[in-house]
Every structure is written in C-alpha cells, then in structure tokens.
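Given chain D, put chain S in place with the hints provided.
Protein chains in written order, with numbering that gives the first Met the number 0: chain D, 0 to 292; chain S, 0 to 292.
It is worth saying that the hints were derived from the structure and are not from the lab.
Careful, some of the hints might be misleading.
Pairs count within a copy or across copies, as identical chains cannot be separated in the list.
As the list claims (entries may be wrong) - DMTMM-like, lysine to aspartate or glutamate: derived pairs with alpha carbons at most 20 Å apart:
(1) K241 - E278
(2) K33 - E160
(3) K128 - D238
(4) K144 - D92
(5) K292 - D61
(6) K33 - D253
(7) K240 - D61
(8) K102 - E8
(9) K276 - E160
(10) K292 - D253
(11) K15 - E160
(12) K292 - E165
(13) K44 - E8
(14) K102 - E160
(15) K44 - E160
(16) K144 - D26
(17) K15 - D219
(18) K292 - D26
(19) K243 - E160
(20) K102 - E200
(21) K291 - E162
Only a predicted model underlies this, so the values are computations on that prediction, with no experimental measurement involved.
There are 2 protein chains.
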Amino acid sequence: MDLQVYLAEKTEIVNKRLLRLLPAVGDYPQSLHKAMHYSLFAGGKRLRPVLVLAAAEAVGGDAEAAINTACAFECIHTYSLIHDDLPAIDNDDLRRGRPTCHKEFGEAMAILAGDALLTVAFGLIASTKGAAPSAVLGAVGELAKAAGSTGMIGGQMIDIESEGQEVSFPVLEYIHIHKTGELIRASVRCGALLGGASETELGPLTRYSEAIGLAFQIADDILDVEGSSEEMGKPTGGDQKKGKATYPAIIGLDASRQRAAELVSMAIEALSAFDAKAEPLREIARYITARKK
Amino acid sequence: MDLQVYLAEKTEIVNKRLLRLLPAVGDYPQSLHKAMHYSLFAGGKRLRPVLVLAAAEAVGGDAEAAINTACAFECIHTYSLIHDDLPAIDNDDLRRGRPTCHKEFGEAMAILAGDALLTVAFGLIASTKGAAPSAVLGAVGELAKAAGSTGMIGGQMIDIESEGQEVSFPVLEYIHIHKTGELIRASVRCGALLGGASETELGPLTRYSEAIGLAFQIADDILDVEGSSEEMGKPTGGDQKKGKATYPAIIGLDASRQRAAELVSMAIEALSAFDAKAEPLREIARYITARKK
Chain D
0 MDLQVYLAEK
10 TEIVNKRLLR
20 LLPAVGDYPQ
30 SLHKAMHYSL
40 FAGGKRLRPV
50 LVLAAAEAVG
60 GDAEAAINTA
70 CAFECIHTYS
80 LIHDDLPAID
90 NDDLRRGRPT
100 CHKEFGEAMA
110 ILAGDALLTV
120 AFGLIASTKG
130 AAPSAVLGAV
140 GELAKAAGST
150 GMIGGQMIDI
160 ESEGQEVSFP
170 VLEYIHIHKT
180 GELIRASVRC
190 GALLGGASET
200 ELGPLTRYSE
210 AIGLAFQIAD
220 DILDVEGSSE
230 EMGKPTGGDQ
240 KKGKATYPAI
250 IGLDASRQRA
260 AELVSMAIEA
270 LSAFDAKAEP
280 LREIARYITA
290 RKK
Chain S
0 MDLQVYLAEK
10 TEIVNKRLLR
20 LLPAVGDYPQ
30 SLHKAMHYSL
40 FAGGKRLRPV
50 LVLAAAEAVG
60 GDAEAAINTA
70 CAFECIHTYS
80 LIHDDLPAID
90 NDDLRRGRPT
100 CHKEFGEAMA
110 ILAGDALLTV
120 AFGLIASTKG
130 AAPSAVLGAV
140 GELAKAAGST
150 GMIGGQMIDI
160 ESEGQEVSFP
170 VLEYIHIHKT
180 GELIRASVRC
190 GALLGGASET
200 ELGPLTRYSE
210 AIGLAFQIAD
220 DILDVEGSSE
230 EMGKPTGGDQ
240 KKGKATYPAI
250 IGLDASRQRA
260 AELVSMAIEA
270 LSAFDAKAEP
280 LREIARYITA
290 RKK
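Excised from the complex, chain D in its bound form:
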C-alpha cells in the first residue's frame, strides 16, 4: 500500500465531513466561525482522524460509523493547539507557517474558538450514524477522559509547570504520554470500538496506540532539534529556548532516536495477529519516525 495516497484519501474524507457538519464560515457569528475554520483548515496532518478510521477498518468495521468521531479528534487536537499557543501558555506566534489564531484574531476570539471546537467535538460524536448507541457513548467517555484533566490537559499542565526546571525522566514521560499520547491512544481505541472490536482485538490495538503515541512525541522532540523551520512551518529549536522538557535534552539525540525506533517495532509487533486490514496502521507507525514535519 502507498501510505501517502491513503493519508491523502482519508484527509479528504475528513475535511469534507468537517465542512459538512460544522457551522459554515458565513454562519452567525461569522467572526467566530472564521477563526474556527482558520485553525481547523490550516493544513494539519490529520493523524488522529486517520488513526480513528484506520483502527475501525483494522477490525473490519464500517468507516461511516467512525467518521464523525474521526472529525471530533481533529477538533480536539486543533482546540488544544489554539489554547496552547495563547500568550499565557506557550506564547507562540506561528503555527503551520501562518500566524497563530490569537495573532490573527485576538486573544478573546482564540479562547472562544478553542472552546467552541472542544464543544463541537462531542456533538459530532453524538451525531454518529451506523454504530450502536452504547459504543458511541463509549467513544464520548474515552475522548472526555483522554482529553481531560488526567489526560491531555494534565500533561499540558505539568509541561507548563516544568518549564525552565530540571525535569526527571518519569516526569518527562508523564508529560509526553499525557500531552500527546492519550489522544492518540483514544483515537485508535474509539475507532476500534465504533468498528465493533472484540476485547481480544482491543488489547493489542491499545498497546499499538500507546507505543506510537510516545514514539510520535519523541519524534516531535527530535524534529524540534533537527528539523528545518521551513518544513515545520514554525521556528524550530523552540523547546530548548523555552527550557521545555524533551527526550533529546534528557537522554540525548541518539538514545531518543533508538527509543522511538524501538517503540515503532513494538507497535508493529502488537498487531501481529491482525491481517492485511491493519496494514495502514503498520504503515502509520513506520511513518511516525520517518516524517520530516
């Protein structure tokens, strides 16, 4: 299979559905919807929604049952970037090669656009067709937990509190697993749940998701050291400047690369009992450490 073709196809499906389900730019209040669309359609990789769809397919499920939830994960991811970029948090001016939401529309708008994307995510899941209501509720619960105070927001909180401080390896892993890993884990699990996964399938898929989630964040840390600002669409080296806890800073670049590669192997290993329908998940695992942005 060609992963780039697969990613492009799924991205188009997700973008079309987002446009169909979310209020349009012209809907009142226009300024708010403009800001939401600005950040949502900024050329993101759509990794999380693709994982939702690929996990549903891996267990032989119907992609239609998972598509609204796929869109929900992108809304959550986008809201988290908008809020993280705010002056009171990471104070970033550039994202994906463009001014961040608050730079373009002001802080009040960025706060509200983030809130609105977070809120609509749950509405998208609730409007799922073609899956059992109990599975859909399961997805709502998974996402709320993964994105909440003991998940993604908790990771962001500890990340902020650790800035400029000496950070131990367990704290670093807490930040990475929570800030990035939880949402990636939930995207795979929700896709699997909505695709009708059995308990036997859910275990290995969860191990897969935990491994790629951590690998993804380590790769991100490495890219911030090694990547080009042009390809990343934002100035690289920002982590070090802010005194952020990163893998390269704590265990070095070589050990970080090795750890990411191990995690990718573990992820692929976890899927050994799955057939060709899990090939996209395997390819995504390989892509995570190979990507340049």
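Positioned in the frame of chain D, the structure of chain S alone reads:
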C-alpha cells in the same frame, strides 16, 4: 412546597455527586484539580443542575438517570464563568465574593481549568446509569449544541463584539437568548429526555425553559443596576461601566421588570397540563425574578 428547602436538598445531591465523579483535589496534577474545585465549589446557585433534576421529576422520571447530566451542566456553567472572567474577555477580578480563577491561580491555569471542566462535562453524561443509551446520546448532543458556537459561545462572542457599541434590541435578545438562555433551555430539555419525556411533554417544557432563560438574564441585568455588591459577591454596575448591552440600558428598568414578569407568567402557563410533580419548576420560575443575587 418550600423552594429553599428543595434547592438546598438538590444542591447537596449535586455537590456530593460532583465530588464523587470528578478527580479529587489531591489527584495529579494537584494544581489543576485545585483550580477546578476552587471555581466549582464557590457557592454557585446550582440553578442549571436543579433544573435538570426538576425537569426529570416533572415527567415522572428517575432522578438517578439525570444526576450525572445535572453535574455536567454545572461544570459547563463554571467553565464559562472562568473563561469569561479572563483578562482577554471580561477581565473580572471578583466572582461570588472571591478572586476569580485567574486572579487566584494565574491565566494559564484558568484557561486549562476551564477547558478541563468543559471536557469532563461530556464524560459525566457518558457515564450515566439508568437511562437508555440513545437518550444519553441525545443529552450529549443537546448540551454540545447549546454550549457551542451557535449557542452560548456565540452569545458571548456577540456580547464582546458589542461592548461600547450602540446595540439594537434584536442583537440584545440574541446575546441574552444565546449567552444564558441556551444552557438553561438545554438543562430542562436534557432532564426531560433522561426522565423519559414524551414529545407532548417536551414541547411545553421547551417553551417553559426558553421563557425562564430570558427572564433569568433580564433579572441579572436588573440586579447589576439595583443589587447590592455585597449580596452579589461582585461589584454591581459593571455592565454599564463596560458599555455592555443590557435590558435596562435599552428599554429602561420598568419595562425590563415588566418583561421579566411576563416571561415568568408565560413559563408557568406553559406547564398548565403538568401535575404537582412540576411544582418545583413553577416555583423556580417565580424565584428567578424574586432573587437578590
């Protein structure tokens, strides 16, 4: 019935459930959970959760089926206050007689605590026991729509954009209906849905909720002019100082009082086919314009 006793009983039930279902103050990250609890247990009126429970009871439903959703509405309400108080939005220092969340814990924490309360709300609904999964999903959808960009956040957006501007009466009603009304409407509708309301019951309950929602915001506007800062727990007169669009500013105090009273009558009238089980809803309607804070 004694409304004060009813409110006190329901408030205790809601507070106990919130404490049971939400992460504790001591849960990691403690600083985040401390900020969430600080704002959630600041002595709010718990009007929205009480409406959820009272609506479930009015249609003969089981309060247990509605209690998690009742808690969810309080989380949403609290998050909206935390974010509205932020320097970039309303820039308020006092709320319920205490420093606002960002004054006490800093802006980054207030943004994240608000995000976490918004997120956990949907997790609370998803964990409902004793109601049909399809009804629970209906509640998730109702709340997401009411709290979203074409609901509460939309109202807040137009409120901000209108500050210091000449505001027409239709824009004022848009702000009030969306910023406050939508969440009150959804609290009644979700309680009714989870209580097993028929379509015949849902119509009048919706009319009731729309009338009290608008009455509540008009009463709030009047209290900001007439109320004592001590009873309100925040400086009154703030709306005028900020050039906020309010009923008294646009149609005058007397006409505002009259409009609120009419809406309360309409609300009670809407419940004429309901029996004694709807008495708490009727009493709440009367209380809305009689309250001093």
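Check the structure against each numbered hint from earlier and tell me which ones fail, lowest number first. 1, 3, 4, 5, 6, 7, 8, 9, 11, 12, 15, 17, 18, 20, 21
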